[in-house]
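> Next come the chains, spelled out residue by residue.
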Amino acid sequence: MSKWLSRFLSSPTNDAPLPDQAATALRRWAEQAPADTGRAHFETRYVVVNTEATGLDLEKDRLLAVAALAVDGGLLAPHDSYYGTLASHPASTLAELLGVAGKAPLIVFNAAFNRTLLEHAFDEHLGIESETLWIDLYFLLPALFPERNERPARLATWMERFGIETFQRHHALGDAWAIAQLFLAAQARASEQGAHTPRALADIERTHRQYRSRL
Amino acid sequence: MTAIAADLLVGASTDFLRNFSPFNRMEADALAFLAERAVLAFHPRGTDILTPAMGVPRRFHIIQRGKVQARQAGPAAVTEYASLPLGPGECFPIGAISARRPSTNAYVALEDSFCFQIGAEEFLQLMQMSPVFHLFCTQYIASLLSQSRQQLQTTFSQRAAEQQTMTTVLGQLIKHEPVCATAATPTRAVLEQMNAQHIGCVVVVDDERHPVGILTQSDLLPRVILAAFDLERPVSELMTANPHQLAATASAYDAALAMATHGVRHLLVVDAEGRLKGVVSERDLFSLQRIGLRQIRASIENAADVSALQRASKDIRQLALNLIAQGIGAEQLTQFISTLNDALTRRIIQLALETHDLLGVDFGWMAFGSEGRHEQTLSTDQDNGIIWQCAEWENPVSIRNRLISFAREVNASLAACGFPLCKGNIMASNPDLCLTLDEWKSRFGAWIREPDPEALLNASIFFDFRVLYGNERLGDQLRSWLNKVVRGNSAFLRMMAGNALSVAPPLGRLRDFVVEDNGSIDLKKSGARLFVDVARILALRTGVDSSSTAQRLRQASGKMGVSADEVSAIIDGFHFVQLLRLRSQHLETEHDAPGDNHVNPDTLNELDRRILKEAFRQARKLQIRIKLDYQL
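Chains as they are written, first to last, in full-length UniProt numbering: chain A, 1 to 215; chain B, 1 to 632.
Derived by calculation from the structure, the hints in this document are not laboratory data. Treat the numbers as computed from the prediction; the structure is a model and nothing was measured. Where a beta carbon is used, it is the ideal one built from N, C-alpha and C, also for glycine. Mixed in with the good hints there might be a few duds.
Quick partial rundown of chain A residues pointing at chain B, CB under 8 Å, derived from the structure [said to hold, decoys possible]:
| # | residue |
| --- | --- |
| 1 | Phe113 |
| 2 | Phe145 |
| 3 | Phe167 |
| 4 | Ala185 |
| 5 | Ala188 |
As a list, the in silico EDC-like pairs of lysine to aspartate or glutamate whose alpha-carbon atoms are at most 20 Å apart [said to hold, decoys possible]:
| # | chain 1 | residue 1 | chain 2 | residue 2 |
| --- | --- | --- | --- | --- |
| 6 | B | Lys441 | B | Asp452 |
| 7 | B | Lys67 | A | Glu165 |
| 8 | B | Lys277 | B | Asp381 |
| 9 | B | Lys525 | B | Glu392 |
| 10 | B | Lys67 | A | Glu119 |
| 11 | A | Lys103 | A | Glu119 |
Please model the entire structure based on the sequences and the hints provided.
Here you go:
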């Protein structure tokens, strides 16, 4: 058992002790082997994660809710999903989120904000560091669809370019639903270009990010 | 809390589906079932979503966004309908997934498209739990019926040299204003007009243009020249009175049938008030056809011996091929075949009468079974008998013997003309089937009183009788007697019903069709018979005189208050089975193999398979009806 987990399970942090269900979810998460990032999309379960916060300032704003939505083998299934608020028991919510996400490659839109916020929360409430692969559509989409938009853009812009709608904007799950659909399109386009695995997607995303930062 | 997320997403899918038919009408639990199981997939522009090569479809798709093009794949590319692109809310495949067969269409994403999908098993569950969805799918499949007919036509038109639609209305076939004369016109004036205008016939009309007679070129030799007719006398003395007429709304098919039936070359076309509109000649109808109906009919009527009739019998088959090519329905086609076969049989009887002295004997030649029902296909063996009666002072034994020896010759000639001898010896030469009216009554009466299995089998063959040659009144008397006796005997009808239900439609629970060991379905025994048996019972119960299945169903259901739509769906089903029988017999005759009634469903195209399945469902519906009626 890893150090952080024993610490967490034996001597509680600032948070109240985890309910059994969340503890089990977390334990199961910890025991999982990291996903193989060299497998093809159709054999890979990706998980779209997304957040809802009080604002966009990482220094001041707080995380309000989190959502996860799996894209498993190129399919978006309503039952493989999660939504929870952090109001009453943040540690429990985050543990459940990890329970659903597992160690799948994580898809996020605007990692600079969402990933940072989530990793802070994991550290603060659960005392863990996630080592999974993150793929940021913010950079991946312009790399794959330059004909639709050459440069990184807001989620609303991409939704409009693809004609994608969602049942509720600015809601962690509502936006995750739109992000997941964008990711379905991204998977298909990447495959056409010979990028068949999570690792290949991550490479495209990183290359575009670095290219952008040099501009 | 995963439940919250799932609820939100399922709710979103439900809201989406509710914008479209049939989902907006679907039962709440069924819609929930669908929305909970629907997963979303993406199909980039230009990719195949489903093709025939993918085999039995494993998924049912509902387009969420984008456009999908359905293209008919393979040799059956005939339907316009298939080229319509599908948009949001539309779904596919319906027929293939219900029938668990590979799709006939290829579905290609025209644009980047998102589709919800559920598994094939879930689709079938949904059909079961939702009457609305079930109806939606059934109606879709039913609409394929007309497509199949088109497809059939295309297949055959490649083989037939030319195509002419037999459903053209006569009014459209009239090319010239008819040449008319009044009854009092001197014959010379009429003939001069025919000569001047190069026309083949003149119609004699009254003051209101109602036709009263016709004079054709072929009448001139016997009636004018050879008879040295006085040309100053009025044409009314020369013409053929009461000429055959048809309404302008009748079809070319009707005209062809009338020409074949009456043995004439010209028919008068009249409007709703009976006034002359024009003349349709055989040439108008069949100018393009290699073998004319009347030609066959004439060759039958003028046949001097059996070998000439053998040729005519081959022509009948060839004509049937042409007619299938022209897209004639099974009901009309079998009527055609039946009409010509009747003519053939009558000529055989006439030839036999030349050598058998039956002068003064009151008899009728009866046809049973499919021939009795006017439902002959191309391979029908003989089912016939004789009904007769004699005065008290006559010697019945000698008459019977003369009839039997006459019948023996007729049976042999029929066999020579392609109607095989009946294996069960249901032939007029069998002394048991050469009976007087009273003997037939007592025979039928015994079956009705004691309906053992053999009696019921006999009833199913013999009760479909009609008199084909000779004294038809004998047949009418037997028919009205039979209807009266059966109506008063519900126990017998109930036994008949039980017998009719002994063969179930070959629909499988797991597979589409229940097939025999060699993989085929007997379209006669487990197809047509299902309809025929029930129709017979309904006809007997309601006192319908007709012996044809479609007529029986139509007339009986009228009396029983069944809706016309329902009946025509059933009759369509019956005709489709008949059409398949004809087609398979037909294709086999081309290869000189004896026609049979077996079809292997795997060799049918997808469309025909689905429709065959639907036809069997109609048969089941019919069976359920009498099951309920007789509480079996």
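> Taking the hints in turn, state whether each one holds.
Against the structure, the hints:
For the restraint placing A/Phe113 at the interface with chain B, the shortest Cβ-Cβ distance is roughly 21 Å, beyond the 8 Å limit, so the hint is violated. Because the closest C-beta pair between A/Phe145 and chain B is about 10 Å apart, greater than 8 Å, the hint is violated. A cut of 8 Å between beta carbons decides the hint on A/Phe167: the least distance to chain B is about 4 Å, and the hint holds. A least Cβ separation of about 5 Å between A/Ala185 and chain B falls short of the 8 Å threshold, and the interface hint therefore holds.
Hint on A/Ala188 holds. Least Cβ distance to chain B is approximately 4 Å, under the 8 Å limit. With a C-alpha separation of about 18 Å, the suggested pairing of B/Lys441 with B/Asp452 holds against the 20 Å cut-off. Using a Cα cut-off of 20 Å, the hinted pair B/Lys67 and A/Glu165 holds, with the two alpha carbons roughly 16 Å apart. Proposed proximity of B/Lys277 and B/Asp381 is contradicted: the alpha carbons are some 43 Å apart, above 20 Å.
For the suggested pair B/Lys525 and B/Glu392, the alpha carbons sit about 44 Å apart, so the restraint of at most 20 Å is broken. A threshold of 20 Å between alpha carbons decides the hint, and for B/Lys67 with A/Glu119 the separation of about 40 Å lies outside it, so the pair is violated. Among the hinted pairs, A/Lys103 with A/Glu119 is consistent with the structure: their alpha-carbon atoms are about 14 Å apart, no more than 20 Å.
When the structure is compared with the earlier hints, violations turn up for hints 1, 2, 8, 9 and 10 and for no others.
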